[in-house]
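First residue of the sequence shown: 1347, per this note's numbering; consecutive thereafter.
Hints may contain errors.
[Claimed, not checked] Straight line, CA to CA, 20 Å or less: simulated PhoX-like cross-link-like pairs of lysine-lysine:
no., residue 1, residue 2
1, 2220, 2244
2, 1839, 1850
3, 1839, 1811
No lab work stands behind these hints: they were computed from the structure.
On a predicted model such as this, the values are computed, not experimentally measured, just so you know.
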Amino acid sequence: MYHSFNSNINFLHFLPLCKNVNHLKSLKSLLILHGLIERKGLLGELLKACFHLGALDLALSTFNTIRKPSVFLQNLVIRGLSNHGLHEHVLSLYLNCRISGCPSDHFTFPFVIKASSALGAFGIGKEIHCAVLRSGYGQNVVIQTALVDFYAKNGYMRTACALVDRIPQPDLVSWNALLAGYSFHGCDHKCFQIFKHIFSVGLRPNLSTLASIIPVCTRSGCLDIGRSLHGFAVKSGHLVNNFLVPALISMYASDMHLSAARNLFNSVMDKNVAVCNAIISAYVQKQMPVEAFEIFREMHHSNVQPNSVTFVSIIPSCEVVNSVWLSEFFHACVLKHGSENHVSVLTALVSMYAKLGDINKAKFIFERIPNRNILSWNAMVSGYVHNGLWDASLETFCEMQLCGFIPDAVSIVSILSACSKLEAILLGKSAHAYSFRKGINSNLNVANALLAFYSDCNQLAYPVKLFLKMDSWDSVSWNTIISGCVHGGEFKKAADFLHQLQRKGLAMDLVTLISILPIYCDSENLGQGMTLHGYAIKNGFASDVSLVNAFISMYCKCGDPDAGRLIFENMSKRCVVSWNALIGGIRHYNLKNEVLILFRRMIMEGKRPNCVTLINLLPVCCSQLQGKSIHAFAIRTGILQETHLLTSLISMYARFLNANLSLLIFEMNEKRDVSLWNAIFSGLIQTKCPEKAIALFRDLLLVGLQPDHITVLSLISAFSQLNSLRLAHSVMAYVIHKGFDKDVVISNALIDLYARCGNILAARKIFEGMPEKDAVSWSVMINGFGLHGNGQAALELFSQMQFSGVRPDDFTYSSILSACSHAGLVEQGWMVFNSMVEQGMSPKIEHFACMVDLLSRTGNLKEAYGIVQKLPCKPSISLLESLLGACKIHGEVEVGEKISGMLFEMDPENSETYVMLSNIYAAAGRWIDADRVRCSMEARQLRKAAGFSFQTVE
């Protein structure tokens, strides 16, 4: 080979003898040595040999030595590089040739256009299109077809269609390029139109046509058309090389015809990796990991080498079976088969380890990915979100952008989830603005994530507007907006959206039913709830445990606990939530014994109570001993640290006036949650320990926690008990300083505080300064005037309230009747009472009590007794004692005797009744009757309670 030669013939004779790169290098050296390197024919043959033996670097270096490359050599190298998938080198070489003045022809342009399409280099592709037009090759069918493919793959379908229209007689390749573009971008309807047109113009679909249209049948669920295409492929001999088999397997698997997919897989005699990957992917998507693992094992025994697609398909199965051992096994397989440098495989491993809870391994692999792409970053961000590391997800999201990656729809969905958990409203709005600016807000997944974010952050106005502006909705959209309205307390809006869903002919699914059921919480809603129950049974949802639990709660809330119990008893499988639903439902009917019996039965059936169970039990405790037993159970089972349970225990001990144990629970636990502080404040106020509550408020400020409006209301209640004007001024200053004065509820509480502390002018000033007033605001101010005996001012304010359009409620009428009572305004009191009836409101026992008090104070005792006789329920002892005291003051013996008789019947051991009746008789000069009552009292061995005086001086 190394003998000298002086002709092309000698060179061409030795070229076939080259078996490796070193031989080619030697020949190149000889060409240079003998000055033959410039001969295009010899150089072309050398370049062909380089590409044939895979010596791509040698081919490029040889070509780069040419001072003025010809079109022939340029096209030869470009074609060789393109055939080896080196599209970046194709474009680089083409641009260099243009700079050196080498022209392009109809052989050059198809390859460089293909390279631009493969790399997504849209700008370069447009420049090449311009060069095509300038060079006069715009009518070349091959180039036009390449341009159609380029624009279609980049999403510019209108341009691609226009190019096809300009081709006088488009061939099948042109139509296939357009069809592939529509298929790639999910335009299924257009795909079917083009496929139909191919037949109409007399063209016969080939392998490429079928490869584009079969995935369309899969996505659109057109299994009948897909079967026809399968038959056509068999008839036409297109299944010989198994190229279409993966697409057909995916099609059958998408319609739950896994048996057909498996039969097709089994029918393939010589299975390649693509066919195996298709069936593995089908099993994984259908949550059948065991079958997927079996195919992987068969691949191993058949010596079919897995590739990166295999691992990307099967690795997610480890998440389904939640197996760390399998995850490590497949990780080892990745290393063994040399796929550890594939970004897609490493990304799948990152996602797998994150989903299995091993975020450290996920981070370790992520940091070693050489060329991260947007999918890698998304996997890490979503991995942090999955593991509850919200701050880390935000940091990674920011780092991703600093590295030059533009967030896509998946990134936004993940980061919105983190913003929801952190209640980072501003960050979430920023993500919304970004998605709007980038045009991905119309992506259905992004739109649904935005609905969920705003709903979770209690910003209900935003998701409602967003939902109404959406171009399309899926079941997730409807369920998210309905659930958001329910959790936001907007039951009417939730019902309206449900009706819209039904009017559009869409079916309610399981999530819809579970989401909407909480709005049916009143006896008036029972019929609607029963209708939904019938719908659930008809559509096969009635066996779902979560839905059955929701129906139990619904029936109990709607006044039919027996129906709830019946459903519970007929459940084939109960979970702890089922027990909690029934226990919680029955608790609201004050059926304390039944609740305790259910709890005992729950324990006997082996169900472990959780925090919710105990929270439902604590309010029905009849004694402190029962409450202590539940407390001990919580300690023994290790669920005492739950904040909601701690607050319930504090409230339970406060109900039994045990402030010391309430304080002990509070002091023994971490005080990081303001709700725990609010519970102890409420408990101390309930046990009449306002000084301790105020002292604890100071501690709250010292630990750095921010009080909420419930804390401030508790503080105001404590000051109300102390009845101190100086403290009222202090809390007023704090409220203004912290901006709580904008809260209507807190302003109402301040009005009541100042009224009780004797400063009615300050109360009136707060009232008049409120920008918005509700019915409670008016009622509290009216009550304040009543406390100060200014009945006329209370009546004037009541009239103003009615003129302002605010409808008085029960509390308002109680306040105005009490004001009339304190001022002795009998006629006005009757007018108010009668107007209440005329307004369609049924007077309650407190309204009757106010009228009795008013008539008693003014000496109209017979009228007061007449009201007592007409009460819709049994009068209270305090009401009767008040009326009896008035009989003593006004010397009304006859009414006093009747009232005493009622009190003797209700509480025969109350000495106060005997004493008061005896005094009434004595005041009227009926000494014999007075002595008789005294003797009867002594015979029962009753003693008058000793009096005492209690006064606080500031």
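Does residue 1839 pair with residue 1850 here, judged by a C-alpha cut-off of 20 Å? holds (17 Å)
Residue 2220 and residue 2244: Cα distance at most 20 Å? Holds, at about 15 Å.
Pair hint outcome, residue 1839 versus residue 1811 [Cα-Cα no greater than 20 Å]: Holds, at about 12 Å.
The structure fails none of the hints (numbered hints given earlier).
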